[in-house]
Amino acid sequence: MLTASPTTGTLKIALMSCAHTHAGAYASRLEAKADIDLVVADPDGYGDVQGTRLVGSYQEAWNAWPDGPDAIVVTSANAHHKDLVLEAARRGVHVLCEKPLATNIADAEAMVAACREAGVVLMTAFPVHFAPAAEALRAAVADGALGEVIGITGTNNGKLPDTRAWFTDVELAGGGSLVDHTVHIAEILDSIFGEPATVHATVNRILWADRAGEGAETGGLVTLTYSSGLVATIDCSWSQPADAPTWGGLRIQAVGTGGQLQVDAFAEHVGGHGQWLAYGVDSDSALLEAFLGAVRSGATAEPSGDVGLRTVRVVAAAQESVRSGQPVELASI
Amino acid sequence: MPHEDPAAPLRVGIIGTGGISRAHTPGWIETGAELHCHSLEGADAFAETFGATVHATLEELLAAVDVVDVCTPTPVHAEIVHQALDAGKDVVCEKPLALTTEDARSVVEHAQRVGRTLFPAHVVRFFPQYAAAQRAVETGAIGQIAVLRFERTGSFPTQPWFGDESQSGGIVMDQMIHDIDQAIWLAGPVERVYAQQSISSETDTVRTAHAVLTHVGGAISHCRGLWGAPGTQFRYTFDLAGDAGRLQYDSAGDPGVVFDEVATQRQSTGDGFLPDVSGMRSPYAEEILEFAAALTSGGPSRVSAADGAYAVEVSRAALESLRTGRSITC
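As they're listed, the protein sequences go chains A and B.
When you line the first sequence up against our numbering, it's residues 1 to 333, in that order.
When you line the second sequence up against our numbering, it's residues 1001 to 1330, in that order.
Hint data in this document are derived by calculation from the structure and do not stem from the laboratory.
Predicted model only: the values in this text are computed from it and were never measured.
Wrong hints could be hidden among the right ones.
[Stated by the list, open to error] Stretches of chain A that chain B covers, calculated by requiring three or more beta carbons in the stretch to come under 8 angstroms of a beta carbon on chain B:
#1 53–64
#2 166–173
[Unchecked claim] Rough simulated footprint, nothing fancy, chain B against chain A, three-plus residues with beta-carbon under 8 angstroms:
#3 190–204
#4 284–294
[Stated by the list, open to error] Pulled a few chain A residues facing chain B out of the computed Cβ check, cut under 7 angstroms:
#5 L207
#6 T225
#7 T233
#8 A242
#9 L261
#10 Q262
For each residue, glycine too, the CB sits at the ideal point set by N, CA and C.
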């Protein structure tokens, strides 16, 4: 069943689905590496991930090599993550799964358990984990530069992806912006402060109302409390105007007895009227390198499937809070 | 209600001559008002600075003026406003109008009953950045407003009564009420409020509060207040997202006047409690001039007594949320 991955030499990787907008970024970076043999499955026929070996079905991707892939990258619609990850575990194949790990806790738990039992690496694709801004925040808290941290404000605002209708399909996405954008900051906070004690959320459907319909929320504010007393609020809204020169951004402000720190993970750019020329550390590459290193060593790395599961729990608690109108104890979820 | 004799200078009684009175008074002077004052302490120094007539008692002051400007600590606002209304005076009252919803409503009803004007001094409505944003939102510049964020950052107030929740209402009632009022001004009445506060376990002067408002019209707002570590500079920001655009402002990113690091060390940096308004037309003066014009000639004002009471009501709901850990329906 589990075949040891080559610690050197070429790794065979299948990128499963082009449904997520990150698929193209991962594919081009993997394709550029000499020690990666990449096959991309595009069963939905999006057709916009190019310059690589494309196949039209998952089956063809699984069968692209005589003994199958060493690892897969899952970039399907959120609701389809589970089947792909369970299949990978069954085949003894390592997995990098796009965030959110799953659309509900049960699926995420099953995925984590299956990969653990199979002894394969499961990582969740949180590129911002590798941004220098996130590292600066972790370091400032760890070395005490901010003193006792009492408050966090995080904003992860973006445009609504206009080439992928499933982002507002509650069945496929699991929800709207609350599902799409809460988890990035939740993961960074998890890596510093652990799990929150309570979660409160309020949402609306005013932005992109024609696509949101009665289903996916497009605006959201999620407030987390921690047993330490720390309070954190995440604005997960798709509030970046459609004509803005960049997709959106991610900022975190931390306040403590030692002062304040504000980090902007996507600040580095050359600007101009309607221009946004990003530069700086490529977090997508850093994520892929971490995953490839984990595949070669067989030891998982952060951001793990476990943190993927923990952030799914935060989202599930936020959704329960939206339903009840009250804060929710994470332990009750 | 218009002042009886528009030709005569308005006689204004400043009650309480602490910090905020010194922000209000230049505006009254600009209107040409005749200044009177009464205070438990500091009245003589105030009178010397601004050229006011000191009155030993509140009754004596009320007998000598047309309008009072209540600048006392919050707990006695309502009592003094009632007394001034009973004496037939129009009233300007520093925010919050009162500590409790009941007291705030009571002074509003009292003013209506006796036909006098009561203006709560919600000065942030007079800051040019907020005023510009409100006009733009009102005229549809960003479409339907959806997600609002406000931050207000300062140092712990120097007067110790601010730290006493029972006296000041704490950071929510004293500082965040500005942004709660902005959220209401921009996105309308509030259906429910969820709030959390975090106070440093090392020093209770460092504290932050978060309030999330769900508006009746569907918009959602986040207000974040901070009394930061000693030396924290005053800063205020807002971010208003609508379905047809976005408005953002950050006082720390305002590029009008920028000193470099060397020069900054040579500048006085203020007390960190009240904002530095030296780079703009004083919003405090703007506020007092608008109130004075409304009182003397019946002009419009952008803030009403009812607005002041409603800001207290929503802030009280936030305090109730802090106390119970629950989301509170307004």
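Evaluation of the provided hints:
1. 53–64: Violated - the region 53–64 of chain A has 0 residues with a Cβ nearer than 8 angstroms to chain B, which falls short of three.
2. 166–173: violated (count 0)
3. 190–204: Satisfied; 5 residues make the cut.
4. 284–294: violated (count 0)
5. L207: holds, 5 angstroms
6. T225: Since chain B brings a Cβ to about 6 angstroms from T225 (chain A), closer than 7 angstroms, the hint holds.
7. T233: Holds, about 5 angstroms.
8. A242: violated, 9 angstroms
9. L261: Status violated, d = 12 angstroms.
10. Q262: Where the cut-off is 7 angstroms and the nearest Cβ of chain B is about 9 angstroms from Q262 (chain A), the hint is violated.
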